[in-house]
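Engineer: Protein chains in written order, with the numbering used here: chain A, 1 to 770; chain B, 1 to 770.
Careful: at least some of the hints might be erroneous.
For identical chains, the list gives no copy identity; a pair is met inside one copy or between any two copies.
What the hints assert, rightly or not - Below 20 angstroms or equal to it, Euclidean Cα-Cα: the simulated SDA-like pairs (lysine to any residue) are: (1) K178 x R66; (2) K401 x W504; (3) K540 x V528; (4) K574 x N670; (5) K396 x L581; (6) K474 x D553; (7) K64 x Y182; (8) K540 x T742.
Hints listed in this document are in silico derivations from the structure and should not be mistaken for laboratory results.
Protein chains: 2
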Amino acid sequence: MKQYLHVDEWSIIEEGFDAHTHELSESIFSIGNGYMGQRANFEEAYSGASLQGSYMAGVYYPDKTRVGWWKNGYPEYFAKVLNSTNWIGIGVEIDGEPLDLYKVKVHDFVRTLHMKEGYLSRRFTATLEGGKEVQIDAIRFVSAKRQEIGAIRYSITPLNFTGKVKLTPYLDGDVANKDSNYDEKFWLEVSKGSDEAKAHLTVKTKKLDFHVTSVMTYAVTKGGQSVSVTPEQEEREKFVAHSFTVDAAQGEELVLYKYVANVTSRNYGLGQLLPTAEKLAGDAKIAGFAALLQEQTDAWAHSWEESDIIIEGDPSAQQAIRFNIFQLNQTYSGEDDRLNIGPKGFTGEKYGGSTYWDTEAYCVPFYLSTHDPAISRNLLIYRYKHLEKAKENARKLGFKKGALYPMVTMNGEECHNEWEITFEEIHRNGAIAHAIYNYVNYTGDKAYLGQYGLEVLAEISRFWEERVHFTANKGQYVMLGVTGPNEYENNVNNNWYTNRIAVWTMEYTLEALAYLKEQEPSRYTELVDRIQLTEEETAKWQDIIARMYYPSDEERGIFLQQDGFLDKELIPVKELGAENLPINQKWSWDRILRSCYIKQADVLQGLYFLGDRYDLETKKRNFDFYEPLTVHESSLSPCVHAIIACELGYQEKAYEMYLRTARLDLDNYNNDTEDGCHITSMAGTWMAVVHGFGGLRVKDDRLVLNPFVPGHWTSFSFKVVFRGALLKVNVTSDTIEISNQTGVPAALLVGGQEHTLEANGTWKQERVTA
Amino acid sequence: MKQYLHVDEWSIIEEGFDAHTHELSESIFSIGNGYMGQRANFEEAYSGASLQGSYMAGVYYPDKTRVGWWKNGYPEYFAKVLNSTNWIGIGVEIDGEPLDLYKVKVHDFVRTLHMKEGYLSRRFTATLEGGKEVQIDAIRFVSAKRQEIGAIRYSITPLNFTGKVKLTPYLDGDVANKDSNYDEKFWLEVSKGSDEAKAHLTVKTKKLDFHVTSVMTYAVTKGGQSVSVTPEQEEREKFVAHSFTVDAAQGEELVLYKYVANVTSRNYGLGQLLPTAEKLAGDAKIAGFAALLQEQTDAWAHSWEESDIIIEGDPSAQQAIRFNIFQLNQTYSGEDDRLNIGPKGFTGEKYGGSTYWDTEAYCVPFYLSTHDPAISRNLLIYRYKHLEKAKENARKLGFKKGALYPMVTMNGEECHNEWEITFEEIHRNGAIAHAIYNYVNYTGDKAYLGQYGLEVLAEISRFWEERVHFTANKGQYVMLGVTGPNEYENNVNNNWYTNRIAVWTMEYTLEALAYLKEQEPSRYTELVDRIQLTEEETAKWQDIIARMYYPSDEERGIFLQQDGFLDKELIPVKELGAENLPINQKWSWDRILRSCYIKQADVLQGLYFLGDRYDLETKKRNFDFYEPLTVHESSLSPCVHAIIACELGYQEKAYEMYLRTARLDLDNYNNDTEDGCHITSMAGTWMAVVHGFGGLRVKDDRLVLNPFVPGHWTSFSFKVVFRGALLKVNVTSDTIEISNQTGVPAALLVGGQEHTLEANGTWKQERVTA
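Next up, chain A with everything else stripped away, as it sits in the complex (with noise of 0.2 angstroms):
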């Protein structure tokens, strides 16, 4: 893949079109506002290669699996991101000629992503087949401000002529998921319209009855003067369209500003779309396009003074670490507590489903860091709210109690089907349980655990309870037939990792109990009657506490990934030939298996976790061991080793790391962003550079940093947010310079000093170590 965007440090920037890179574009490019998103889509006709894409977030289908071979258990659906109404629609007829980019000659094209102040642009010249030549500049957003609107500026202004400009906005809502399992469209039409100055759709899934609302308004001017249309209206199956025709003269700039609502049943009432979008479609024609942009500029200002992250003397580097943050921030706001974070966000299809484990694993710390505590806090409610869903499906695996979350979900229920992932990938349970210590400790919110946070840790240790066993054999407890983070061993016996996790969960729970009936015993003796909680249930967690089996090699002073690890070829990844990688693309599935190879970390993802309860010399021997093993094929995987390298002071290998990811769709490392952007691994380079190079932790309520600079930089500064403060850590080769930029003194402790920084004070260190 040739790198074909420009480096600038607040854009991204495409020049020259080439068909080939469009779908590519099309995820990089991609708009969202955390309520709805859409690729990065023509407005005018395409009839190249596209994936046509608007996605409203909860707003999905449950398309019939597919699967080779059932197993009992299996979901009976796959929940998909729905593709919806396509509301950015435009046709453009020049003299009766279509304008088509696949079909005409292109000149001097530009489209730009303005990450500082949200919005896309795309710039052209475009000679069509009988010589006329036409400017267009479009502009697009969807509005931080006022989540249901998106706005769109296109202008055409003939070059080399005078004649008639066709313009057609419409409304489309027969649209189909590319990734449909069995080539079915998912919409039914429930009602559209139109009168002079604006139509409407209203569509609904076929199951689950979600109703998507879209209504369009518009205005024109010429020459910066409004101009006053008559339109022809145009209706079929699923569609609205307004159509009519403008006198434009050579040099000419002819506008149109077309403005649309989308709103869903997930928040209004039937009886209430359409009104609702009415009324938000005509304010914003009313409060017209400049103003909304100002609003979109606005907001992310704001956005960015939470969450930036400037490096010095790395332009490229400088691009990349910001496009994640603005995906990150386009894909979630928070506000909604039953929405969560889809690996694609809103720039793709691909995976189905919205919430994996990557949520509590990577994007928790990254919304932890970078926004209010209740960003987080939802995302963690999210889960709560999915409780009985989860202890349902621990009753179709055939458990008596507790609680399995899903490997995939939408709506709690799991939707993944291949065994190895939805029955054996458990550790998952273990991610939740930490995200909401990981909560706790970063915001000190102890309120937590006995509001929400203890049910779910004693709902998911029950779950690993009756999940281990007592083995006669090793007169220890063990847990069989597992799958862990490392994806590349099925069915394994004895997970490190996983055995870890469960039993870190009973011990954290047990804490939780113990802090809640000191200091809460109302609410202590309240959930424990509710929830049935038995002495001889946390006895036997006990008990599991003290007899767990953790595979281990005493001579390496190693973990062992699972029983069998020792007994596989051992051969470093760096031995392989370049014909062999990546080994996901060249193996054969049962040769990945029994091979050496890491798909991402796995006793390391334990280290990392759990890192507080490990001395260094423990995580260099399995550092050392393991990473030599790892093929990083998981986008979420060179982060966490990033982030132990720094701990370990490797600060070459951290490096190495970092750029796996840094720019792995910018640059498309991986062949496969034109499915849609990596948005969850993003989360996991703002972790590389803030927990890595920052190497930001908290600890007995003190923020501690031991940050360095790479090598290759000159400095870098982030902003993190903690308890109350914001602060702006500065870091160069010689200081450390950490900034409150609020009214709340903040606990730190940086390489190894204790420091409370006073409100709006700074506090500047020489670095103690290189």
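The hints should help you fit chain B onto chain A, whose structure is shown.
Structural biologist: Here is chain B on its own, set in the frame of chain A:
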């Protein structure tokens, strides 16, 4: 499931029509002749639930595969046994009212499968809506002598009226596979047509271009006298029919004889299809129904002569064993070495593909003992012909050399796609090697080794050589990531059976090489040159033989099914509540996998295959450990257990095991016979009787017998083909009598006593053991 079939020693009889059991009966009453087969569908229209099924051996379809998530190395298609032209159809209208057993009142319904003579009959009285009563007698068979011919005698007698009977014999190629992955139809019309005396239809498959031409001729009689009819010819897409109306007097029998020839492009050039089928169908009509039926009776008499088993004192067991033998002989005649034995034969569609390791492990022993050795040899040559494909398959999975036979195949290519089976259940290679040993040992045809056998053995040994690796951790060779015969464990390390059969393959290959080198040196040299077998390779095999790791438990004195087996919770099946059984319906897959429960013989399969290498004590310890943990949820499980139980003197257990498959389909134990009968497991039932109760083995060129009569029987006798002799073995509780029904002497070892049974001689022995 109620037992709705009558017990009869030579027939399967259903009395009274019940639409609920119709699909089940359609399977059970199926007819076939090795070349084609037909479910027991009705000739006339039937609007109730039915699986209309006509199958031509070797005509298959590569259906688009269906998997949830693709893995590298998966096959591109899933081969289906192809439902083809419905040739039995006869529309019947009585005074304008269609005869449809789902709609009319049916009395005195009797459906009979005449196993002795090889035909299906059906008789019933129907009361039509207006009160008219007709009696129908239908007889049908596919000819054992003229393989392309199917013949039907369809008789109608008005009982209480005189009226008009309209008959419409037809050929309908517009059929679908019930198990089509995407509801696709697989046939296209090539041509059709008719004249006054016959009609023809040629269809071809959408892929692979299999052509099937069907020609029907027919004759009509009334009151025994020939009637001339002038048919109306009806045609539509993939359909051709003749209709005519006959006046039928009360009490007068009207008979339609329908003769159909089905020929395929597997045996004839496209230009020859129609003339050949016309000739064959014409000849059948000239011969007439009575003569064809006599041929059929004669052919089946000959077949029973070779393979009958007589059980005295237990008519139900007698019926069952004959049903099993009958279905096996219907399914595979052994004349065409491109064919094999599908798990459902011609009785249904489920499972797709035609060839599993069932053939080598269960069917070869049956055919060896009941048919000319050429039949078994053809089954072996079938695999020899697929050797290049098996080598390609190994390459596809990344092996530099050797051959991996597919788990399921039609043409040598793999068409199964569950990774844990396709890629990992590689012990199938061992069964294919072992069948070569079995054939040579049984028949004494050592020339087969040099001709075909050794090349297959060497390529399989090469596969094993590359599949194992030496691990410093154990100082031995190991084999990781396999699925053994017990498919209730997946992706395990060091499955004892697989390790053992792999090493055994190398041992036998080396032994066969040594034999060839000494006995046929020039052929040896030619072979070694052609397959470029090196001394380095054979030395490596020796090293693997010497240093293979076999998991075992010294304390219990048993082999371990796999490395982690003893960490499982070991609770005998009998302590599981009935609510848990069968576990494959009651438990989620992960629970099954981590449980100790065994689907079918695994360690014990090895002790059966390599029975002469292990002493009784070893077999006993392993049987006593594993059998109580075995749920026998594969129809192939009980027979192996029955045989070993017989060896160990566990007569009751052996009989219990025998019962679990003897009437599997007749009593619909597994509640799935409507999908088709369990053809390959029928060979297992035969094995339970002959290898189990009969104690048959072949050792040092002698036929070994160690029989006993199960307590529930008075006596039993079976026929055995051995080295040119046809022996009848009769076993009572007191005596064993063996009569040689041919002019060839036979070397015997009965109850430990050596004896050469002269031509046409009889040897009677008092029973040695109780």
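Engineer: Hint by hint, say whether it matches the structure.
Structural biologist: Verification of the hints:
no., hint, result
1, K178 x R66, "both (15 angstroms within a copy, 17 angstroms between copies)"
2, K401 x W504, "within (19 angstroms within a copy, 47 angstroms between copies)"
3, K540 x V528, "within (16 angstroms within a copy, 64 angstroms between copies)"
4, K574 x N670, "within (19 angstroms within a copy, 52 angstroms between copies)"
5, K396 x L581, "between (39 angstroms within a copy, 16 angstroms between copies)"
6, K474 x D553, "both (16 angstroms within a copy, 13 angstroms between copies)"
7, K64 x Y182, "both (8 angstroms within a copy, 13 angstroms between copies)"
8, K540 x T742, "neither (47 angstroms within a copy, 73 angstroms between copies)"
Checked against the numbered hints given earlier, this structure breaks only hint 8.
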